[in-house]
Amino acid sequence: MRVGVFICHCGNNIAGTVDVKAVADEIRKIPGVAHATTYMYTCSEPGQDEIKQAIKQYNLNRIVVAACSPRMHELTFRRTIEKAGLNKYYFEMANIREHISWVGENKEANTKKAIDVITMAVAKVMQDKPLFSSSFKINKRVLVIGGGVAGMQAALDCGDGGLEVVLVEKSPSVGGMMSRLDKTFPTIDCSICILGPKMVDVAQHDKIKLYAYSEIEDIKGYVGNYQIKIRKKATYVDWTKCTGCGACMEKCPSRNAYDYFNFGVAPTKAINIPFPQAIPKKAKIDPNYCRQFTKGKCGVCAKICPTKAINYEMQDEIVTEEVGAIIVASGYSLLDLERLPEYGGGRYPDVISGIQYERLLNASGPTAGHILRPSDNTEPKTVVFVACAGSRDKSIGVPYCSNFCCMYIAKQAILTKDHIPDSQSYVFYMDIRSPGKGYDEFTRRAQEDYGVKYIRGRVSRIYPKGKKMVVRGADTLLGTQVEVEADLVVLGTAVLSNPDAARLAEKLHISYDTFGFYVESHPKLRPVETNTSGVFLAGACQGPKDIPASVGQGSAAASKVLALFSKDMLESDPAVAKVNINKCVGCLKCVRTCPFQAIKENQLRDGRIVADVIETVCAGCGVCTSTCPCGAIQLQHFTDNQILAEVNALCQG
Amino acid sequence: MAKKRYAYYQGCSLEGTAVEYDKSMRVVFDALGIDYVEPEDWSCCGSTPAHTVDHVFAAALAARNLSIIENMGLDVVTTNCPSCLMAFKKAQYSMENDETFKEKVNELLDEKYNCGVYAKSSLQILYEDVGLEAISNRVTHIIPDMKAAPYYGCIMNRPPKIAQFDDPENPISMDRIISALGIEVCDFAFKLECCGAAFGVPKRKMVNELSKKVIAMAEDAGANCIVVACPLCQQNLDLRQEQINQTTGSNFNIPVIYFTQLMGLAFGYTPKELGLDKLIVSADHFARSRITKQEYLEREKAKEQEKKAKKEVKKQETGEEENP
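First to last, the protein sequences are chains A and H.
Be aware that the first sequence starts at 17, since it is given in the working numbering, and climbs by one per residue.
Be aware that the second sequence starts at 21, since it is given in the working numbering, and climbs by one per residue.
Since the hints were derived computationally from the structure, they do not count as laboratory data.
Among the hints, erroneous ones may be present.
Stated by the list, open to error - 30 Å max Cα-Cα, derived DSSO-like pairs, lysine-lysine: (1) K223/H / K313/A; (2) K45/A / K145/A; (3) K321/H / K469/A; (4) K233/H / K484/A; (5) K311/A / K167/H; (6) K233/H / K267/A; (7) K481/A / K167/H; (8) K321/H / K334/H; (9) K122/H / K410/A; (10) K481/A / K223/H; (11) K45/A / K68/A; (12) K122/H / K167/H; (13) K335/H / K311/A.
Unchecked claim - In silico negatives: residues of chain A with every beta carbon more than 12 Å from chain H: (14) G260; (15) V601; (16) L660.
Ideal placement from N, C-alpha and C gives every residue a C-beta, glycine not left out.
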């Protein structure tokens, strides 16, 4: 056995706090190590060439690279040694950067720890076995979760690329948050006018199968072969018969249903079509408000419906779809006003959120586009906007910036002036964040052309005084306290992840951060990939994002899926669990513990029952290995012997 | 189960400017059967003057009292004054969470304090330990004319990390207690607004301005009485009310009474027993306009019947098509 060890300086990243030469000298003394050297950047092309040359020159058959995290470059070096004629599993990576040089400043201790870690890797590589990938067929259909602008863009791009798309949207219509907006910044385009055609395209595209008012129930499988269970929630209206005429909505006697589409700024009917441009334009009953459900009698909509589409007995339905890749575009939610008690959120009707104000501005909103304050339906003359209502506020649990509030507040202030020319708007802000194309000019326009008064400072309290709301805050530029008597207060509430983001992430086996936003594979270089192959991200489910960024990510995720599906076969990872049938007693504990349902029962010819791993489904997590009472399942590339060799190497050091 | 016994720390204000708060609290606690005992040889809680200068010293002043209470075998101390309350809570919080701080404090003390005593305001004990139901059951008299603005002051619930009681932005404990007494509560937006606190001596004008805002807001909310839980708030709003009128040109005449006094009135005690005579702006008319619960219920019943009768008449007038 001839092991070659390559220790990377990573510029000063490693060599700054680890004596790499001393490490190489020490490693060279290990029996079996035929060659140990250091290099400035091992991952660079000359660095990789040096590995290839050394393999030939010193006749090496096992390779260790001591550098960064294997998540960074393991695949790079595996390819390198494969090109040099070695099996790519005759390779180990010792992480001396993230685990050592970046976290400790004591050079002596770091050097010693680096020697220990590399010694372990050498011991492991000597135990490594050659492994070979097998290839499997992929199902070239794609699931898109979420029918907002990001999800629709992804679905359309995939569809146009010739892929069959399954689009699942949890609300009754596609369109997402963008369909609620009145205008978009910085061009003041009518939001629904630019989104509407996309929504229609989604509905009419012959490659896109839309499940509206549906949610993901369960996901099984792996990249290339997923089985998706979709829950079609009961709408109590047969959508194959519903023509969207709206007669039911007109006659429904229950007028106080919560309007999810309008964020509760005004009530709606218990049976409703969320908005005029809804896709699909179908009615749905809200059983929490429908008298047939709450009181057991009514039936007005069933009587009035010309196509007899109402069905009070409807149940949820589960359907199964098979796909090969998943694009997650599940969007975001907004901070509840009630979490801002100092601003009277939820207590005072004239303190509303930005998205609610958007509905008041919109011609198809509850006020038909006339700005009327909720308490008394009068036109407000003084409107105060509060930016960062919850954002950048650790006490709320939202330390981050919500990305687009500065911009939509400027837009809403401009629109307020357009709607009510004799009005005056004020904006309380911390910083104006407008780094997009044409964005800063836009916020300047609000101030200079529309006379919006920007006050730099936080609002401490909002309280009623007669019919007015008094907004009290600091003007940090003047260094004084200010009080503005407003008719209406609009809070730019913080962007949060979806309340069920974590549950969906667990179904997808993808990671999410402290705030519930999904984590991309690399923040700069792999922004729409996840660490689960076959699952891609688009839009604000990954973090607060405005429309252009969401659309860009939708297209990016689609292109990733198209690239993945450009091959007919995919290679499987051979580092999966393997059953030794001579040792297996057929207790099948592993079948029950496997989180991926990758192990099945198998009857041998002699009638004996044993466990059998489905290689392509196994994710290599190793849960079965620790479950097996007789050590019959071993995770390839992480066998007991291999791990013990590492432990021994460490303990002897 | 044996009845819970609380230590009651009176504090300096309650001996002097707020003697009626002390008096009425004792009456209410006795009426509700709350068992309390006073520590002997108590000293300053370490409030305002000390903690603006030296945190360790301030905590030591508080901990001296807590240590006495700990040695009495009690684990909860109650106090009326929010300043005392926060002095105790802050000392407890800092000592529990910072070992070196605890050592520094204990160095100054003769008897080491082991952090076994938790401070609760009398408001918290009445609201959480006694409960609204018991309070409501004890009510014998109703004051039908009163519209109360509950004023908590700035530190009863804040900072939330240390106060650990009620909502820091919109507290409701006192609102609910007053409601349980059958008294109307106004939606008062300045529940927590600053009254000017102890700046009445160095910056009288500022305190007058601040207190004026509080009183004006109470009147705007339709209140004819401000109900308080803090001796300093009471002093600024009541004792200085004439001063406010003179300096700001206002014309306030609104009683500012302790919530314990209000409870005492609802429990049927005389104004004398509750120290109502100590108030500068008289609240005697509320005591006089009290009616018994029995009488109140009868009145309400009569009102209800009158309403019903009116509705019936209206129904007959407009015909039978009222039902949707």
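Okay, the hints, checked on the actual structure:
Taking the CA atoms of K223/H and K313/A, the gap is near 68 Å; set against the 30 Å cutoff, the hint is violated. A threshold of 30 Å between alpha carbons decides the hint, and for K45/A with K145/A the separation of about 24 Å falls inside it, so the pair holds. Distance check on the hinted pair: K321/H and K469/A sit about 55 Å apart at the alpha-carbon level, beyond 30 Å; violated. Under the criterion of a C-alpha separation no larger than 30 Å, the hint pairing K233/H with K484/A is consistent with the structure, at around 16 Å.
Note on K311/A and K167/H: the hinted pairing is violated, with a Cα-Cα distance of about 39 Å set against a maximum of 30 Å. Among the hinted pairs, K233/H with K267/A is inconsistent with the structure: their alpha-carbon atoms are about 50 Å apart, more than 30 Å. For the proposed pair K481/A and K167/H, the alpha carbon gap of about 18 Å is at most 30 Å, so the pair holds. This hinted pair checks out: K321/H and K334/H have alpha carbons roughly 20 Å apart, not beyond 30 Å.
Proposed proximity of K122/H and K410/A is supported: the alpha carbons are some 28 Å apart, at most 30 Å. At most 30 Å may separate the alpha-carbon atoms for a hinted pair to count; K481/A and K223/H meet this at roughly 27 Å. Among the hinted pairs, K45/A with K68/A is consistent with the structure: their alpha-carbon atoms are about 22 Å apart, no more than 30 Å. The straight-line distance between the Cα atoms of K122/H and K167/H is roughly 46 Å, outside the 30 Å bound, and the hint therefore fails.
For a cut-off of 30 Å, the pair hint linking K335/H to K311/A stands: about 25 Å separates their Cα positions. In this structure G260/A is separated from chain H by more than 12 Å, as the shortest Cβ-Cβ distance comes to about 28 Å. Even its closest Cβ contact with chain H, about 53 Å, leaves V601/A beyond 12 Å, as expected for a residue assigned away from the interface. Every CB of chain H lies more than 12 Å from the CB of L660/A, the least distance being 42 Å, so the non-interface label holds.
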